[in-house]
Every structure is written in C-alpha cells, then in structure tokens.
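What follows is the residue order along each chain.
Number of protein chains: 4
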Amino acid sequence: MMIIMKVDATPQQVEHVIERVKESGLAVHLSQGIEATIIGAIGETHNLATEQFEVLDGVDIVKRITQPFKLASRQFHPENSIFPLAGFNVGGDEIAIIAGPCSVESRSQIIETAIAVKEAGACALRGGVFKPRSSPYAFQGLGEDGLEYLSEARAQTGLPIVAEIMSQTQLELMVRYVDVMQVGARNMQNYNLLRALGETRTPVLLKRGLSATIEELLMSAEYILSGGNKQVMLCERGIRTYETSTRNTTDINAIPVLKNLTHLPVILDPSHSTGQADYVAAIARAAIAAGADGLIVEVHPDPAHAVSDGKQSLKPEKFAAMVKQVGQIAQIMGRKLASADGSQSPSKLGWI
Amino acid sequence: MMIIMKVDATPQQVEHVIERVKESGLAVHLSQGIEATIIGAIGETHNLATEQFEVLDGVDIVKRITQPFKLASRQFHPENSIFPLAGFNVGGDEIAIIAGPCSVESRSQIIETAIAVKEAGACALRGGVFKPRSSPYAFQGLGEDGLEYLSEARAQTGLPIVAEIMSQTQLELMVRYVDVMQVGARNMQNYNLLRALGETRTPVLLKRGLSATIEELLMSAEYILSGGNKQVMLCERGIRTYETSTRNTTDINAIPVLKNLTHLPVILDPSHSTGQADYVAAIARAAIAAGADGLIVEVHPDPAHAVSDGKQSLKPEKFAAMVKQVGQIAQIMGRKLASADGSQSPSKLGWI
Amino acid sequence: MMIIMKVDATPQQVEHVIERVKESGLAVHLSQGIEATIIGAIGETHNLATEQFEVLDGVDIVKRITQPFKLASRQFHPENSIFPLAGFNVGGDEIAIIAGPCSVESRSQIIETAIAVKEAGACALRGGVFKPRSSPYAFQGLGEDGLEYLSEARAQTGLPIVAEIMSQTQLELMVRYVDVMQVGARNMQNYNLLRALGETRTPVLLKRGLSATIEELLMSAEYILSGGNKQVMLCERGIRTYETSTRNTTDINAIPVLKNLTHLPVILDPSHSTGQADYVAAIARAAIAAGADGLIVEVHPDPAHAVSDGKQSLKPEKFAAMVKQVGQIAQIMGRKLASADGSQSPSKLGWI
Amino acid sequence: MMIIMKVDATPQQVEHVIERVKESGLAVHLSQGIEATIIGAIGETHNLATEQFEVLDGVDIVKRITQPFKLASRQFHPENSIFPLAGFNVGGDEIAIIAGPCSVESRSQIIETAIAVKEAGACALRGGVFKPRSSPYAFQGLGEDGLEYLSEARAQTGLPIVAEIMSQTQLELMVRYVDVMQVGARNMQNYNLLRALGETRTPVLLKRGLSATIEELLMSAEYILSGGNKQVMLCERGIRTYETSTRNTTDINAIPVLKNLTHLPVILDPSHSTGQADYVAAIARAAIAAGADGLIVEVHPDPAHAVSDGKQSLKPEKFAAMVKQVGQIAQIMGRKLASADGSQSPSKLGWI
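Protein sequence lines, in the order shown, are assigned to chains A, B, C and D.
To convert, note that position 93 of the first sequence is 92 in numbering that gives the first Met the number 0; the numbers rise steadily by one, no gaps.
To convert, note that position 8 of the second sequence is 7 in numbering that gives the first Met the number 0; the numbers rise steadily by one, no gaps.
To convert, note that position 336 of the third sequence is 335 in numbering that gives the first Met the number 0; the numbers rise steadily by one, no gaps.
To convert, note that position 7 of the fourth sequence is 6 in numbering that gives the first Met the number 0; the numbers rise steadily by one, no gaps.
Among these hints, one or two may not hold up.
Where chains are identical, the list cannot tell them apart; a pair therefore holds if satisfied intra-copy or between any two copies.
[Claimed, not checked] Dumping the calculated DSS-like pairs for lysine-lysine here, alpha-carbon to alpha-carbon at most 25 Å:
{"id": "1", "residue 1": "Lys-317", "residue 2": "Lys-5"}
{"id": "2", "residue 1": "Lys-5", "residue 2": "Lys-323"}
{"id": "3", "residue 1": "Lys-5", "residue 2": "Lys-69"}
{"id": "4", "residue 1": "Lys-314", "residue 2": "Lys-5"}
{"id": "5", "residue 1": "Lys-229", "residue 2": "Lys-323"}
It is worth saying that the hints were derived from the structure and are not from the lab.
Just so it is clear, the structure is predicted and the values come from calculations on it, not from any experiment.
Chain A on its own, in the form it takes in the complex (with noise of 0.2 Å):
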C-alpha cells in the first residue's frame, strides 16, 4: 500500500501516518519526493481498509499494490480453479449450460422443461422456489414442494439442481437437495448469507449484483473463500444503466476482466442480462466468443404463462438452436459443451 502525502503535508502529519502505518503491523518505506512525499506501508496489506490512511491528516492518494481480495485472486492462484459437479467440469474445456424456468410452478412444469433442456444439450438445471420479488404482492415461490419437484425432475434426467436461497434461514432445507446454491443479484452483499453459505461445501452459483462493481464481485467471493468453500462459480448478468431499451446492459466486457482477474469459473446470464427473449441467443453466443465458461439461461414450456420472467424465457424449441450455435462457437474457443451422467455431486459434501 503507498499513501501519497499531500504536496503540503507537515513533517509531524508525515511522522503520525507512519506510526499508523506500524500500528497496523506494517513496515515502513518512506520516499521523500520532490512533489510529494511517499509512505509504503508493506506486509499483508488485503485485509486493510485504504479509508483508514486516507482519513488522516495530511494524505492525499492511498494506493493498494496488491488486490483487496486473495483467495479469488489469480495473482496468488493462476491456475483456473475446475470443481466437478455431476459428470462433468466446471472451469475447464467445458461449457456448462444451466437452463430452466424462472420459478418452478407444479411438478409437471419443471419435470417437463428438465427433459426438455436436457434433450437440448444442458447440462444442470435451473428453477426457483424461493423468489426475491419487488411486490410484496407477486408469487415468492413454492418452498419445499418446489425443492420436491426439482428432485423428481433431477432422478428423471440425471441434471444437477441450481437454485436460489435468499436467507441463511433457508440453509438447512436447501442443502439437503441442491446441487448449486445460487446468490441473486439482490443479496451479493447480503454477507451474513455469504458467511453461512462459506461454511458449506455446496458450489455456490454468485450473481453479480445489478450495480455492484467487478471488484465488489470478488470481495463477496472472497467472504465465501474465506469461510472455507472453495467452489464459487461468478455469473455476469446485466448491469443496471442509462440504457432503457433492454431490461439491463450485459457487460461483456467483464468477461475477460474477470477471466484475468480470478481463477474461478465465470458464466454468463443472458435471460436477465437482455430481459428479451429475442436476444438471448446472440448474447449467449457473445459470452462464449468472449470466453466465458457457462451460461445460465431461462427456458419455459410455455412462457406466456409463467408467473414470472416470461418475456425474457425462451421455449425449449429456440432454446435447442441456440444450444446448437453456443456449441460451434464453443469449437472454435477449443472447448466442448459439458453433459451430465446423473452421478451424485461429488463436490456436494454438505456442512463441513
């Protein structure tokens, strides 16, 4: 860390920076420029705020050198991290492509679309049963039962199960039965939750939040990390914008940021991230050529009648053909799309 002192601080207001700078168990490097004068503060330096140099009297610019974040950093881990779920890679040569409804409505829709996508070339499946809604008055999901019907559809198809918890008060009912446990958008500071699921050994499926920077991602990655869970999968899903003719902006460019930035798998959500069912496929094609490694995408029986999300879900139809595309594009990146055998998660330990 190098805090810049201001072109006009006293020598005492440089001497007190420095004792804070000891006091934080850091060793000093001073550098008394012609501009300015230059504090290194050297040692493990990610788990201090830069606020609290910046605060004193006297600094102008402090200056990380090293990530706030570690454990999700490629500085520190430059292989790409690969976690199996069930039969296949996340992370590696394969693209994972996770599909299915917003919400799970009853049994028959979710078992339904879970054959469906499968026949299309998915590999996991996705489905809701418990819903972050903005209208206290719209549908939260069918709990339990909805996690009932996503197990019958998984002993069917052989589809690992990805699913949204919103509470650490959900926990212990959703550990027993999914595969992937996904953070919304809504909750990716919602940090007692990132602590309890870091605590488990369930991946973990965490979504961007709708205006949560690329290193505000990581720091909610790494509050997983450090509890001990390995298995973090990031999701790109739109970011929120001036821009009003899709429901957000996909930000593509955080593709390769992340990619350089971390080791660990990044997926791409192009139902959210468009809002438009139209445009999914050429977005979902876009995060493939820009090497993301798995999409997320919702597909509905009958989209005019889902209770939520309908206008941005593709039918099982259109979702084959863009499955088809993804996977030329995926050729020419060098990688395959990913399939499940139905084999138990072996990453799936539970609690600790």
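Starting from the structure of chain A, add chains B, C and D where the hints point.
Positioned in the frame of chain A, the structure of chains B, C and D alone reads:
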C-alpha cells in the same frame, strides 16, 4: 392497467388477452382504435405484474394507471404520516437530525459522541453494531456489546437509538435495544428481512439501495407496511453513477419526488451521499431547502481514528456549525429542529 | 400517438387536448375508458414531440405507436441497407474490419500501419487527423498533412480511408480525401455537423455518444438520412457506466437491438469500448457472434510511442491473430471477411 | 506525476520509462520501494496525458499530483473569479437569476416574458434562437429574427441576454447580439466551438455534458480560458443516470465540489436537471443552500403552448414565488439577489 396491442395484432390475440385479464379477476374495457386496440383491465391491479400481460402474443405495451405500491402511496393517503419518537414527531413540522458514529467502537466513544451530538442539537443517536463491510477481513461490529453501550448512551442523553439490522436472525436481539431499525442500502431488497420488520412495531429507517429506483424504494417500503408496521422513514443516501469526484451522487431530486409520491417521512444522509466531510454541511442545507424531513449524519470525536467512514465523519464542532445552518434553513421552510426529551418512544411497541 | 388522460381530467381538458391534436393536422380517435380517457392522434406523428401534448392540463402520459425515427427504421425499410465501398459491401454478408492508428502521426507510421493491417485482413484504414482531445494542451492532429499521408497509404494498399470530422468547417477539405466520414462520440449530437453530412454523398460512420441511448443514436442517423445521404453505418463504442475496470462498458446488447430496429449496418469498436489492448480480441469475437456487421480497431506499429490511445492499440501481429479468430466466428455466422480491391468507392460521389 | 511500476517490472523497463520522462522535458525522482519502484516526473505536467506513460511496459499506474486543468484551478487562483454584467457581478456576493423561455418563439412572447421575469427578480434573460433538437423534424429556432426580438426585450427591460450558440459558424452573428454565450450540454466537448469562444471576450455559460465528469467540465472550461477569454460560468444541469422519475439527476454534490476545485462561478439549471415544473423551486432553493452562485430557469407565459420544454417551464407567477424563496435562502448564505441596471455589459468587448 391498459394493455396496448400491436398494430398488427390478430383478433385471436386480442381475444386471448381479454381472457387472461378476466382470469386475473379484472373487468375489461375494450377500445378499438385505428392505430391500436387497447384493452383496459379494471380492478385491483397493484398486485399484478405488468409482465404477466406483456408476454402475451400481440401485446405491445402494458401501462399501469395506478401505482404498484398502494400503502406507501400518497394517492390513497394524502396526509403526511407522522409518528412520535422520544418526545418529538417525525414527518411533521419538526426536522429530525440523527447523528453519531458509523460504528460503535467502545463504551466511551459512543457516550462521548452522544453527549456531543445532543449538545449540538441532534434528536437521535446513530451507531452501527453489525457492519456490512465489503471485505470479510474488515471490522464487523461489536454486536450485543455495542447495543449495551448504545443503551447507556441513551440513558445518559435521552436520545433514542438508530442502529442497522443486517439479517432477520438479529431481530430478536435488536428489538430489545433500538428505537429505530435501520435497513442499509445493501439490504433494501432483502425481502426476508423486510417481511420480518413488517411484523414488528419498531419504526424502520429504510435506506435506498445503491442503484435502486425511487419506485423500488417504495416497493420495499410496501413490504414493511404490508406486514402491518406503518412507521417507515425513507432515506436518500446517494446513488451510484459514473461520477467519481464524490463517493456517491446525492439524488436531491428524490426529495421532492418522494414527498410527491408518498406520505412517508423522507430524510437524507449527506455523509454517505458525498463521502467527504467537507461537503456534508452544504448538502445537509440543500436537503432541508428541498423539503426533507430530516438528516442522518456521521459524527465522530476523532475521525482520524474511526474504524470506518472516518473520511466522511464530522467532528462534533463542525457538526454543531452544520446544525446551526440547517436550523436557519428550517425556519425559512416554516419548520424547526426536533429535540428529544428522553421519554420512552411511544411508537416502540416491540412485536405485535 | 396515444394521449392518456389523468383519471380526474375534466371534460374541458379532454376537449382542449382534442383541439390541439387537430391543430397539429392529426385525426382524433376518442376512447372513454372507466379508468382513463384515451385520445388517439392519427396521422404523421414521427415529426411531433410527445412533449407538445404532455404539457397540457389533464394529460397523464403520451405514448408513441410509431417510432420517432422513420428513415432509419426497419418498420419502413425491412431489408438491410447495403452499400458498396472499394470492392466490397457493407451491411451484407461481408464483415468489414476497419483498422489503423488513433492518430496519423507521420507519413511512415500510417503507410507502415496500412500495409500491416491490409496483410492481416483489414478492408479499410482508419486514422485521425483532427483529434477531439479533452485537454487543450494535447496533440490535436496533423490536419491536411495527415490527409495527404492517408491518401498515399490508400494508393499503396487500396484500402479506403475512414477519418473523423469534428466540424462542418472541415467538410470541404475532408470530402476530397476520405471514403468514410467518421463522426465521433462527442459529436453525435452536433446537429450542424450532421446536417452538413446529410448534404454530401460520402458514407458516414456515426459513433454512439458516450451516454446516448439507442433511440438517440437513431435520431442522429435520421438527421443525416433526412438530408439525402443514405449511407450511414452505426458504431457501438462503449457507454459510460459506473464500472471503472474498463474505459467504457461495451453495450453488446446494442448489436441485436440495433439490428432489430434499423436496416443500417452496425459495427463495433472494441478498442474504445474496452480501452485495453488485452481485451480487444475477446470483445471483437463477441461482437461478430452477436451479429455485428464489422469492427473498427485501433492498431499501431509501436503502441508505447503512440501519441494517443496507445493503451488500447493492438500491435499488428496481435491484430492479425484477432482477425483470424474473427474470421472463424464469421464463418459460423454464415459470413466472410470483406477485402478491398483498391477500386474507387462507387459510393463516394462527393457533394450532391 | 508519479509513475508506479509493476511489482515485477524489470530494470530495463524502469530505465526505459525514465528515458521517456526525460524526453518529455521533465526531471526524474526515482524511489525504489520494496513493493514497487516509483518514478516521479517533475515539472510542467498538466499538459501531458498520463496515458503516455501508462502504455509503457512494466508500468502499473500513473498518478497526477497536479490537476490536468490549470487556468480553471483554484490551486493557482485561490480567489473567486468575479466578472461584471449589466450592473451586477457574477461570482461574488450576488446571486444571478437568469430566466426566460427555452426558445424565442415570437416578438411578443419574448418581450412579455422579459418584462415578467424582470419584475419577478431575474437579472438576465435567456432565450434560444438556435435549438439543438434530437429530431431533425422538430422546431430548430428563429435564428437572427430571434436575436432581434431578444435585443428589443433587452432594450425594454435592461436585462442582458443569454443565448445558446451551437456552432462556430454562428459566432460572428451572435457576438453582435448576446451578452453571454451559452454552450449547451451536447456541445460541451465541441472543441472547435470552445476554441472559437476562447478568442472572443464575451462571457460564456458552459453547461456540463449529459454524462460529463466534473473534471471533463473543467477541461472544457480550460479550452476557453486558454484562448484568453477569462469569463466563464459553469452550469450544472443534471446528469444522466439510471433513475427515470425525473428527466435528469441533479448532481447537487457538483456545487460544493466545483466551488472547491475552481474559482469560476457555478450556477444550476433546475429546469433541465428535473424536467418538471413542480420540482423546480425545491431544487432552486437547494442549489443556493449548497452554495451556487446563480440559477438559470425556464419561464414561459403559457407553458402549454411552448414549442419546446413546456413541461419544465414555470409560469411567471410560480417563478416569482420561487425567486422570493431563493432570496430568503440567499440571505442566510450571506448573499443577495443581483439586479440589472440596463447598462452595457462592460465585459462584452467582442473580439480581441
């Protein structure tokens, strides 16, 4: 709700939409224009998502006539909501100034601060004991010890306590100590938490999410209100934009917009909305001039040693100067500063 | 255009709106709903501002049925616009890759770059001679000398020239030299310039403004088209958002959205949309996978000595690798890379 | 300027950077830290782009010590810039209220408005004669006729004239008529126009671009100042964000930030920054409370018949009420409202 069909919608599509409207328990008013057919859906529509109809074939746009929030809306509750706190009212003629440190750091720190802000003219004491920190390695708050210290500060000064709750699992503890539950920006859409707060009778200070729209803020208030807890204050605390010269962008427009849309009290947090102590007083004055009902301001006896938010914290003497200026603006607005008399908050009735 | 009256609008207000609609030369279709009265304004409405009616007493919302841009709209021109440049077509099956330095710096630099990008597979040469720089103290371009050097580069390679015009006062000079006039992001709403370009017959590459909506981009294209110049390419070059890990945020959604709304060719500038050479190839691939008709890429023989944009410029060998990958993606999309044959641009007819 | 090398930068890379610094005419101060080598570049750096060094191999970050704007900076000009207009001063104790219609529509309209705003307390008259409209089909202004009408209005009321210039080709005409040249948001980075204005001695009111940073606004001011025209007022007029409940988001923080960074007068345009007449007075009061030096407000005798911006225009009586409130706030801020005495603007000296 008005459903505007596409220019080339078929009679079958129109018929299908009409059926779906009726299935939702609404009456239909059909208007066949030259450019477009419009289907009016009449009845209780605030609990219906427009999306339900947007997804149907042939539909162009769905437009609400009534707002999606009902209990929070001024349409149905034209008078300002006013609720009593320890000896003063929030939402009426009095301007509430809530002040205190970002985090409770020690017994002496919070008591010293409480005495100082009381003297300067604050009517309530803020102080965090559970801290949402972007880094898992940062100070996370004193927890129950902090609540004890806050209680002592209240006993000595008569100032009611405002503290942040991060999870419904903390509710049972906090409801015993605090006069106002603060919901932070990161938890504005933590619906499990909002529902839990709706079941208490403790006033809530609901902060706007970092990139939440005004409508989303009101929908989150609706979650609390719909549980039966009518005592909700809204707090503008700056939004995330492209501008980086301040920590956030104070959305000052939100003050008159909210006062127009809702009967709930509206306060502003100039500490977070600017992120720099030097700008706090200017924005505090602006907020009151724009019609805000109060302020929540970070004050620390020694900002340079604060464990968090020191950069944006005022020293007590600067805070006192700010209160004076705000008091003069309040007078022009026909209002006066609130002051606490140490009485038990009549509004704090705990659980239902 | 539909004018939706407020629930409590008076008959007098309705009457007044109807009069105003008629004054604008439109026919009226009145629909008295239960919740709201709707006044349909029928006729040529694309040249009317909705605001004209929004301001009238009793009006709630004014909603366009037809888009405010007409010549740019696919509604009225379903086929793709395709226009010929030196031996290839833009907007059809061929993918146009335009490449070259940010600024023309010297005769040798631009000729060396032209030869390199031609060899690597580019079909046109970019190079700025008038540079919009945020600092008045920065290099502002070589002006006419630069145009001479570009001409020599064209003579040697057969690549048509794309160069930025900053003001209508430069038009007479530039029209003699360049094959495609580039309008930069900062000038997207310089209407005097757009009108002037509408009066030429030189193709225009119109860049999206830094925070322009897609509709505003199309309205700016409409300015040029309405002057009679039908040869307009649109260019997504990244938008300004809160995310700072890249220079801009590539709005990849804009590609399928624009292809849906307009018949004009759409290209992407991955150099500006990312700001970092390391990310250019990934985003270039993504653009073509998403359906873009071409790319404009900054290439410099020695980025470390570039007078501008060195950070985001590719070295020729990296550019060549990128072109290969893009070619493979193009093939999957059923397209191929365009190549210039050195013939005079048939489209460049100068002034009307 | 400080150039911070990467942790793994080689001695050759360090050497190369040092050479480049010297080539730029700067002295070098080398500091070999443990974590990083820092190269201080000492001398006149405000006219150097940081990018020049960022692009070099081994460089991590380049950090300015001095701001990139010099003439606009308070660092080098601590006193407020104050300049006289027709009988009052801008930038000192007086608050300037500029008011008038968006567009000059007719002789009677502008004269009627001028009389009304003068009576209500305005000190200058605004009115557009060249209008930047997003649609090519919309009203584009009365041109020279409009300037004639403005002159008559000035003759009758003594109010100096503020009008927007869109292109340097209009300069010769406008310099004969107007007292203050307004540069609109869309032209904030029209550098050809800014340079041309720098060569006049007519005061300039420079509006912030729709998504311009505060630094970019100051850099645009620097263009004008560096031409020798020292009379520049800055105008915050709302920025583009994701929030759609108002036309723009008033960046009220910009007021104290600008007052801190620059000596130039700062005014606010609450009409554009809110887009709705109902919110104008609240934001006008807030601006003055936050420390602004003035306001520019749209006033129209009959907003419902305004050809542009009717929705955000105040009727004269509402404007008069607003001026009263603003006057009270001004008094608290130790200021008073400016008033014009009809004298020739001493500052308007035309060309150099």
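Hint-by-hint comparison with the structure:
1. In the homo-oligomer, the alpha carbons of Lys-317 and Lys-5 lie at most 25 Å apart only across protomers (23 Å), although the nearest pairing inside one protomer, at 60 Å, exceeds that limit.
2. Neither within a single protomer nor between protomers do Lys-5 and Lys-323 lie at most 25 Å apart by alpha-carbon distance, with minima of 58 Å and 31 Å respectively.
3. With identical chains, the CA atoms of Lys-5 and Lys-69 are at most 25 Å apart between copies only, with a shortest distance of 18 Å across copies and 30 Å within one.
4. Proximity of Lys-314 to Lys-5 under the C-alpha cut-off of 25 Å is restricted to the inter-copy arrangement: shortest distance 21 Å between copies versus 60 Å within a copy.
5. In this assembly of identical chains, the alpha carbons of Lys-229 and Lys-323 never lie at most 25 Å apart, being 31 Å within a copy and 36 Å across copies at closest.
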